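Engineer: Now for the letters of each chain:
Protein chains: 2
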Amino acid sequence: MLSPVKKATHRLEPLLNPASIAIVGASNNAARIGGMPIAHLTKFGYQGVIYPINPKYDEVFGQRCYADIESLPEAPDLVVLAIAAADVTAMLRRCHAKGARAVLVYAAGFAEEGAKGKLLQDDMEAFVATTDMVVAGPNLMGFANLNGQVHTNFASVFNTSPMQPGSGTVSLLTQSGNVCAAVYAIARRLGVEFSHFINTGNEACVDLAQYLEYLAQDDGTEVCMGYIEELRDGKRFIAAAEEFARRDKLLILYKAGETEKGSEAVRSHTSALAGDQQIYSAAFKQLNIIQSNDFVQMAQLANLAQYRQRSAGKRVAIITISGALGAILADKFILQGLEVPTLPQALQDMLRAGIPDYGMVSNPVDVTGNVVNDPGFVRTAMEALAQSDAIDAVVVYAPGYMLDRMADDLCAVAEKFPRLFVAIDTGAAQKREQMRNGGVPVFEDIGVAISALSPFLLWQERRKHNRWLDVRQQPAPARTALPARLDEYSTKQLLVQHGMPAGAERVATTADEAAQAADAIGYPVVLKVLSADIAHKTEAGGVRLRLQSADDVRKAFNEVLASAARYDPKARIDGALICRMESGVAELIVGATRDPVFGMTLTVGLGGVLTELYKDVSHRVLPVDEAMAREMLGELKAYPLLTGYRGRALGDVDATCAAIAAFSRAVLALQEQADEVEVNPLLVKEQGQGVCMLDALVLPAAQTISNH
Amino acid sequence: MLSPVKKATHRLEPLLNPASIAIVGASNNAARIGGMPIAHLTKFGYQGVIYPINPKYDEVFGQRCYADIESLPEAPDLVVLAIAAADVTAMLRRCHAKGARAVLVYAAGFAEEGAKGKLLQDDMEAFVATTDMVVAGPNLMGFANLNGQVHTNFASVFNTSPMQPGSGTVSLLTQSGNVCAAVYAIARRLGVEFSHFINTGNEACVDLAQYLEYLAQDDGTEVCMGYIEELRDGKRFIAAAEEFARRDKLLILYKAGETEKGSEAVRSHTSALAGDQQIYSAAFKQLNIIQSNDFVQMAQLANLAQYRQRSAGKRVAIITISGALGAILADKFILQGLEVPTLPQALQDMLRAGIPDYGMVSNPVDVTGNVVNDPGFVRTAMEALAQSDAIDAVVVYAPGYMLDRMADDLCAVAEKFPRLFVAIDTGAAQKREQMRNGGVPVFEDIGVAISALSPFLLWQERRKHNRWLDVRQQPAPARTALPARLDEYSTKQLLVQHGMPAGAERVATTADEAAQAADAIGYPVVLKVLSADIAHKTEAGGVRLRLQSADDVRKAFNEVLASAARYDPKARIDGALICRMESGVAELIVGATRDPVFGMTLTVGLGGVLTELYKDVSHRVLPVDEAMAREMLGELKAYPLLTGYRGRALGDVDATCAAIAAFSRAVLALQEQADEVEVNPLLVKEQGQGVCMLDALVLPAAQTISNH
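Top line first, the protein sequences correspond to chains A and B. Numbering-wise (my numbering), the first sequence opens with residue 5 and increments by one. Numbering-wise (my numbering), the second sequence opens with residue 5 and increments by one.
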């Protein structure tokens, strides 16, 4: 019997770490799906019990073969079904009757194949729901738990890629078996050692988020690479990703469906809805998940992760033997969002003492080819770089033998100081392995180095202070009831309760009241028809701007109400809203919509048609605090309009951030009552003068609400 | 003596293909710069005569060593100077006296090292200008002509990378020796075989464009990879690149200085001005040069180029054994600007006959893992894809053994049909070499495949019809003289001569003339002060809009002239311009500025502050015809504003393109007289109603004009 690797008793334990495995449809042919898992189990040394089941055989791969599941001497932890789709549910009943704790279903021909398959899958799900069995699949390639050599897969990549010598700490979790195999093959070529190889298939009963939850808790997993077509349980996913962050594990995710064509192709082959790509990216960013849509980058990141306890961050010092390469590396890092700060003068002076005049000392540093022959200086320079608080990480470029000459010094410095030093060698340095083992990762290509290092260093930077975990610790706002009539005034008042500023404004039900209101507010004013039934006030002739006197207001009141009544005779009109005519620096749109995966999400952008064309918006999953709001504003290409671009007035950025955080609280307080909340525009006034909602809208939840 | 490899007698022939090479400062130590070139020449089998020169030795690497250049038995074709900067010019005089045809100068310490080095370089250039010697460098690593094993380099990469067995067709031309070595090492690992390895150093007397001109004419060069920090002769560069296009050769260029930091770093190490990155990109695009800022991508492209005579283009069919991988590939190609068209129904039906229901037939095609076992079907399907006119190229993804099973069929189809088939294998297929030799390139990674294939297929597409070569064949417009007074009216009239439309407008010198003009034009009108001395008319109070009557016009005339006189008492005011008040769909800015490298360049964008922030502009080097203008408009993210975005009126795109082409002619006709010409705004009216210049400006050339 297999002694459990760890104490955790996650629900997926009998699936992923079973003490016994039965294979229904067992075969002696290692090329068949009923044979390959048994071949793997025996070849790679699974320590648990294997029960091949097939009435045609007495023995399979040296193991006694049983005629049927009922004949097994015990209830198996896990049953693998290598049988056709049509037979699956009946067999699940027999597995359940036998007392199996988990079942894995290979068969395709379920929901991914249209209406008929969908019925089969519905049947299967309905039965499983009546049990406490863990059922993986259908339509998958199986998994491998490489720390226990638990193989339930028919992945030939385990035959073609070299098997790792011992246990590993990197897990792979994908919604496609072929992607799982492709990434595994690439990562194994880099020497990455794996903990789990899991593909989730149709996720009828166990979805990706549940596996992720398991891996978050799994002591054997320190890094997880994932491939996602669609998340079925956003809440659980967020919780699992938070657990990764809390335990200081690295999560790297590929989200498929970058284009419409790609999304279509994903849908056709798994019946998944690809979801909103921008919201996925926003959520990943908030959760400090590295998003990577490149297999090699993922594998390189997983490999680099072994150095993740070295101190690092986004300020990079670049040391090269070539001015051109220094410039190239600086370009690349900066384009990826890192910083290449000019070194402090004292450090520059120290470097200049050992570097010829035609070299460079500011950063990038060009030590020139001669310097590699002066090991004393190299050591001194590296030690100084290891201790400077002006930088977070050091990247050294030198080809082949030049890197070899610096290798011992690099290793010595890496041993003495925690700072991350990275080497890039486009030649053929002999001491690569020595450096890697000595704490200095070595890349063989500039592009690959940049593509792995940049997100890794940004992850390191964000990991120092994970804002999302902070915000999530704050208590959720108490529920606010939606008012019965959602006109502009009541909507704004609802948001005002949570701290969102409105301008001076009053409701008037008669022309005289309107004039009084305007007198009280001060001219000029804006008059708008007040009706929960009229969404497009301007189209309805329901808005008048720049009214300068009580008479103008009276006249406007009568005209606007008449016009609105003509526009929609059935609308209930409650009067007019009189508002101070405000002016400011810029108008933003701040909106929340319900994403089917992640629940209520926030969008901030500049108003207007060009912003739409340029897609210049920033998204976040709620809650959003002031610091996150500032980050969102900073992501807008139009942000300089708030910060004095070309002599414009400065906008009140602090007040804008406070208002966005207030909006977040208001939306959360509405809970399931609203599907959409929008302030459009939010007027940003000059610095110190605050912001002001010019219009606001709530779309009540249509009907039954999911529990996202 | 070396028999010349080719007939061409380009000026650089004695440098790059010398029959004899003298090395001043020759050394017996292969690790020294005076030794390594001789070691390479002897080791790799140079067939010409080698003359080591050093009074300290009698023999160097088995060659007789001479005491000084004067002792040589003949005038050498090429002399390599492995001596210090301070001694170079004196030695150049001696080389010239001896009759040397070309000299190569290694020494650093010239213009790249500041004022003192600059003086040395000036001296050297001044002397060389009095001779017809070709002098390469200074500050370089030397070159290799691998088709004649001419080595003048101290590049250790020739010792560490395996030497190619025979001649090659790929040249490498860089402004950095280290970049040259790095790209060479990467490309050699892919098996790329080289023609020339050239780095240009400080380019005191021979610049990159001259080398490029040589390589364009060189029959041994079919592909050139280049690395550029700064071009010193844009005209010559354009002519050389045109020659590449005319001879159907592929040019791949890296332009350094993508960020300000990178540009600075480039400047500090070569004293080069990095120039405008956007203009470089525009010129490369016009000349159908592939711009690549990644060494691996460059090397992969050079490797892929051996398949460039296979028919290909931007419409890709994707064939995979995995729906997920199909979706991923479709995403990637589309993001890179390629098309993944839905296959014609007949082709889909044909595919469906052999593909299970859970596979996909529309494109991407998922043949499923089973199909590789049905070679008859694979062959039939591939032959159908080879002949479909709905696609241009076929990309096949299958890992390892699955690709092996299709390999014979792929090769057979590639032999029978000219269409490009490409394979991607993330596994470890055994038949990779067979496929490559059989006309089917094989990539080992998806990211690398996309990054090489996408620009390659776009190059193939543009190569079918090179618009730039067409436009350049058209005669240049005759010179138009600049009017003496460059006020708005004369500027517009200048542009009108070349076909740029202006609205109805008249000059008035009195208030009554203004009123008469307005009556004739029709109301409403715009009145603007007319003065070549007042650039900012609005600031000067010199513009009145929407004038509705003759009285309004008279009043406005007097006010505007008075205001302008107050604004600038010294300005000569010539009256006012009365224009019809035009309205339209959008306002563009169309401008030409003189780029220090490429000469007059055109910029088109939407007017306004957001366009600036979003950098939503398109650039081209002149001339630009209507078709190119259309391409420029299509590059604008704001283009949908002209094509009915969200129910807006359609703009007159045809008239806009005609106007841009007219603008191009006008700017070229001004030749060296103007440094900047701008129409801002150009009003685009509704479809069928044309366009109209609302304002225009010419900035006369400041002083002495270069001949760019």
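Everything labelled a hint here was simulated from the structure, so no lab data went into it. Just so it is clear, the structure is predicted and the values come from calculations on it, not from any experiment. Beta carbons: idealized from backbone N, C-alpha and C, even for Gly. Hints are not guaranteed to be accurate.
Stated by the list, open to error - Estimated spans, in silico, between C-beta atoms of each pair:
no.	chain 1	residue 1	chain 2	residue 2	range
1	A	A539	B	K619	43 to 51 Å
2	A	D412	B	E129	51 to 59 Å
3	A	R383	B	E129	49 to 57 Å
4	A	K574	B	Q282	41 to 49 Å
5	B	P166	A	D412	24 to 32 Å
6	A	Q391	B	Q282	53 to 61 Å
7	B	E129	A	G341	22 to 30 Å
8	A	G118	B	Q477	26 to 34 Å
Said to hold, decoys possible - Covered stretches of chain A (in silico footprint by chain B; criterion: 3 or more residues with CB under 8 Å from a CB of chain B, positions within the stretch not fixed):
no.	segment
9	185-192
10	203-214
11	329-341
12	424-433
13	446-455
Engineer: Compare the structure with each hint and give your call.
Structural biologist: Hints, one by one, checked against the model:
1. The hinted range of 43 to 51 Å is not satisfied by A/A539 and B/K619, whose Cβ atoms lie roughly 36 Å apart.
2. Judged by the Cβ atoms, the range 51 to 59 Å given for A/D412 and B/E129 is violated: they are separated by roughly 44 Å.
3. Against the hinted window of 49 to 57 Å, the Cβ-Cβ separation of A/R383 and B/E129 comes to about 41 Å, which falls outside the hint.
4. Look at A/K574 against B/Q282: about 56 Å separates their beta carbons, and that is not inside 41 to 49 Å.
5. Against the hinted window of 24 to 32 Å, the Cβ-Cβ separation of B/P166 and A/D412 comes to about 28 Å, which satisfies the hint.
6. Separated by about 41 Å at the C-beta atoms, A/Q391 and B/Q282 break the suggested range of 53 to 61 Å.
7. Taken as a hint, the range 22 to 30 Å is violated for the pair B/E129 and A/G341, whose Cβ atoms sit roughly 42 Å apart.
8. The given range of 26 to 34 Å is broken by A/G118 and B/Q477, whose C-beta atoms sit roughly 57 Å from each other.
9. For the segment 185-192 of chain A, the proposed coverage by chain B is satisfied: 4 residues have a C-beta within less than 8 Å of a C-beta in that chain, meeting the threshold of three.
10. With a threshold of 8 Å between beta carbons, the proposed coverage of the segment 203-214 of chain A by chain B is violated, since 0 of its residues qualify and at least three are required.
11. With a cut-off of 8 Å between beta carbons, the segment 329-341 of chain A has 9 residues touching chain B; three or more are needed, and the interface restraint holds.
12. Three residues within the 8 Å Cβ limit are the bar, and the segment 424-433 of chain A against chain B gives 3, so the coverage statement holds.
13. Closer than 8 Å: that is the beta-carbon criterion, and the segment 446-455 of chain A has 4 residues meeting it against chain B, so the requirement of 3 holds.
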